[in-house]
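**Q** Based on these hints, arrange chain L on the given structure of chain S.
Chains as they are written, first to last, in my numbering: chain S, 1 to 277; chain L, 1 to 277.
Among the clues, some could well be false.
Claimed, not checked - With a straight-line Cα cutoff of 25 Å, these simulated DSS-like cross-link-like pairs (lysine-lysine) come out:
| id | chain 1 | residue 1 | chain 2 | residue 2 |
| --- | --- | --- | --- | --- |
| 1 | S | 108 | L | 107 |
| 2 | S | 140 | L | 15 |
| 3 | S | 12 | L | 46 |
| 4 | L | 140 | L | 11 |
| 5 | S | 107 | S | 12 |
What the hints assert, rightly or not - These stretches of chain S come out as covered by chain L in the derived footprint (C-beta under 8 Å, 3 or more residues):
| id | stretch |
| --- | --- |
| 6 | 133 to 144 |
| 7 | 153 to 167 |
Keep in mind that the hints were calculated from the coordinates and are not lab data.
Everything numeric in this text was worked out from a predicted model, so none of it was measured.
Yeah, the Cβ is synthetic: ideal placement off N, Cα and C, and Gly gets one too.
Number of protein chains: 2
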Amino acid sequence: MKVIETVAEMKKARKNLPEPVGLVPTMGFLHDGHIELVRRARAESKTVVVSIFVNPTQFLPNEDFATYPRDIPRDLAMLENARTDIVFMPSVQEMYPEGFNTWVEVKKVTDRLEGACRPGHFRGVATVVNKLFNIVQPAKAYFGQKDAQQCVVVKKMVADLDMNLEIVIIPTVREPDGLAMSSRNVYLNPQERRAAVVLSRALFQAQSQWKKGEKDAEKLRKEMIALIRREPLASIDYVSIADPVTLDELGAVKPGAIASLAVRIGKTRLIDNVIME
Amino acid sequence: MKVIETVAEMKKARKNLPEPVGLVPTMGFLHDGHIELVRRARAESKTVVVSIFVNPTQFLPNEDFATYPRDIPRDLAMLENARTDIVFMPSVQEMYPEGFNTWVEVKKVTDRLEGACRPGHFRGVATVVNKLFNIVQPAKAYFGQKDAQQCVVVKKMVADLDMNLEIVIIPTVREPDGLAMSSRNVYLNPQERRAAVVLSRALFQAQSQWKKGEKDAEKLRKEMIALIRREPLASIDYVSIADPVTLDELGAVKPGAIASLAVRIGKTRLIDNVIME
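Bound-form chain S, shown alone (with noise of 0.2 Å):
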């Protein structure tokens, strides 16, 4: 496994890498929810490529981008493990060296849900995925289904602007209790770690009421927050069911539409999301 560090090597090096490559965007602080997409990557692809970057400009000026969790030779141990054939982990003066100031902005799809509450996340977002995929120049590139939204957003951008690969949709992995991997459930304490099971709690009721035969979004969405506030500990910032391609609410349940929450346990902001099949 090489690491590499660099703009310039990384494109050095993908001249000469078997064909086809993965890749796996990830922020670090590695799960296996992460590793699921590594796994699947190494299945499809002659060369995996993980990126480790904790892009700053998709947090918010009062976000966590200072502490967000970070532990590299954990990280690395378990990519090798996974058998990754090269790590690119570059500094934040390479990906946004003095002046830099490209956007790529992705709208509508980013108006609602995790685009209203963190204004300015998504162009982060798309702008760090845009450049990963022109230094990697993957085939493909996997993404955790738990961030639903973003899943929704990369796919968007990489239609509108042509770009070459296909995004991969990997479902999320949950710890025993349902709650969905996430590199921020290290900064709920033991009680809060108990009271964020409300998350999956909530969705998984309403996959199951619709698979009863529920159509009706608004009753599903006010059978969640019912559910949600019955925990004292967390607070609602939404709760939705939305068509997967536009992310429009839905009055009606269709199959496919997404279901999805942002709680805050205590301090932590967590999120999830069921698709109802």
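**A** Chain L in isolation, oriented as in the chain S frame:
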């Protein structure tokens, strides 16, 4: 010479093109300035692709998108004659299908000059050029120095987004009296056509004074303005002497500085520039 009208067909053809591929992006209604770009591409590439696309997103609502001159049969004859391999001429619907909504914005270098006179223009330029680069995947793309700020914007986009090609800038081709070739020159009536020489005459005067030792940018700007004001059909949008990378206005002229101007001759808006060298 092959004419391709869809993105899918262009992407498919791209897989089997002899390398390197050179791209000349145009809006058609070709003149010798365009053909000079094709000549250079022909000399440096195994495959020459010329795109013809009058890009609606770089025109402001009050501008000349609907009336922009078009003559495809003549363009194709000129390109065949210049030994073009592929002409890519997609429809607006091909480039901007329903729901298209991803934009590339190069900030700061677009704040002034054309960017200030034509807000949104460079967002349209950067977005369509980004798409063309992804569709055609050229090793080099060729642009005319006449659109000086466009050259700066496209180079900045390529650098900031780590795109995998080189931007080659070709000197402006001029009519015998000095007027820079432009598809929009066709808008000029005979009287206006004679008046239009004032643009290049002002720029050449500034360049000549600089070569004689004048370094005071404000003095050179004032003398260009005075010269243009003596032409009754001309009205000035801007006259600038700017840094070639940042496009910041200069106090003292330095080698490589760009003297540029935008002037209306009657109802026709023309631009031109010279490099101080």
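**Q** So, for every hint listed, does it hold in this structure?
**A** We went through each hint and held it up to the structure:
1. The straight-line distance between the Cα atoms of residue 108 (chain S) and residue 107 (chain L) is roughly 21 Å, inside the 25 Å bound, and the hint therefore holds.
2. Our distance criterion of 25 Å between C-alpha atoms is met by residue 140 (chain S) and residue 15 (chain L), whose separation comes to about 17 Å.
3. With a C-alpha separation of about 23 Å, the suggested pairing of residue 12 (chain S) with residue 46 (chain L) holds against the 25 Å cut-off.
4. With a C-alpha separation of about 17 Å, the suggested pairing of residue 140 (chain L) with residue 11 (chain L) holds against the 25 Å cut-off.
5. For the hint pairing residue 107 (chain S) with residue 12 (chain S), the CA-to-CA distance comes to about 33 Å; that exceeds 25 Å, so the pair is violated.
6. A count of 3 residues in the stretch 133 to 144 of chain S with a Cβ less than 8 Å from any Cβ of chain L is obtained; the coverage claim is therefore met, three being the minimum.
7. Restraint check on the stretch 153 to 167 of chain S versus chain L: 7 residues with Cβ-Cβ distances below 8 Å, three needed, restraint holds.
In this structure, only the earlier hint numbered 5 is contradicted, and the remaining ones agree with it.
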